[in-house]
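With chain Z's structure known, arrange chain V on it following the hints.
One letter stands for each residue in the lines below.
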Amino acid sequence: AQSVTQPDIHITVSEGASLELRCNYSYGATPYLFWYVQSPGQGLQLLLKYFSGDTLVQGIKGFEAEFKRSQSSFNLRKPSVHWSDAAEYFCAVGVGGGADGLTFGKGTHLIIQP
Amino acid sequence: GAGVSQSPSNKVTEKGKDVELRCDPISGHTALYWYRQSLGQGLEFLIYFQGNSAPDKSGLPSDRFSAERTGGSVSTLTIQRTQQEDSAVYLCASSFRLVQGEQFFGPGTRLTVL
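Here the protein sequences line up with chains Z and V, keeping their order. The opening residue of the first sequence carries number 182 in the numbering used here; numbering runs sequentially from there. The opening residue of the second sequence carries number 23 in the numbering used here; numbering runs sequentially from there.
Okay, chain Z solo, but in the shape it has when bound (with noise of 0.2 Å):
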């Protein structure tokens, strides 16, 4: 069965600097990859998905994210964080085309410190 590994449970981040979320997936073939925010008491939303060619994917809110089959990982990165940037940020792997459903990391809670 496919898994999802987010190493780091809270990462702390000054406004206007890097940042970069690890993810790693275990899957046998090339899996579907998704990053998603989710803003407190609210639902998930998309940021950006790998499906198949460029391995350098852009998504929304100036996010982007790699996917390197070597090393089985699919980090999430963004030049410069706003404030509201803080929120949990959850990696997911799909299989099957989705009719699996997606398979989540546990998630990483961004802290944006002034």
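No lab work stands behind these hints, which were simulated from the structure alone.
Calculated lysine-lysine pairs in the BS3-like style (CA-CA distance at most 30 Å, straight line):
#1 K287(Z) <-> K33(V)
#2 K287(Z) <-> K242(Z)
#3 K287(Z) <-> K37(V)
#4 K287(Z) <-> K79(V)
#5 K287(Z) <-> K249(Z)
#6 K249(Z) <-> K230(Z)
#7 K79(V) <-> K39(V)
#8 K79(V) <-> K230(Z)
#9 K242(Z) <-> K230(Z)
#10 K230(Z) <-> K287(Z)
#11 K79(V) <-> K37(V)
#12 K79(V) <-> K33(V)
Leaving out everything else, chain V in the frame of chain Z:
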């Protein structure tokens, strides 16, 4: 257009009572998913529908859980004889298609079992 809506937003019930959680997907979305989000387990996939059919119910936590979808639209997740361990946020998502479909999430129903 409207996003995925869920009702109620909050539900407090007593142990042993039955509850029904409703999900209204985005119009035209054929695939619908239910997830559960809890502190201990993170985000868990429960079940998906393609149209009105749920091919695999093995993700439901116990036989107290059931789900149905009618008219290819609204879905109901029913929990019978609720237990305290059922307390969680139940998230619904819908997708235009099952394969490589982006899942749009609703705001969730927070269930508290006393």
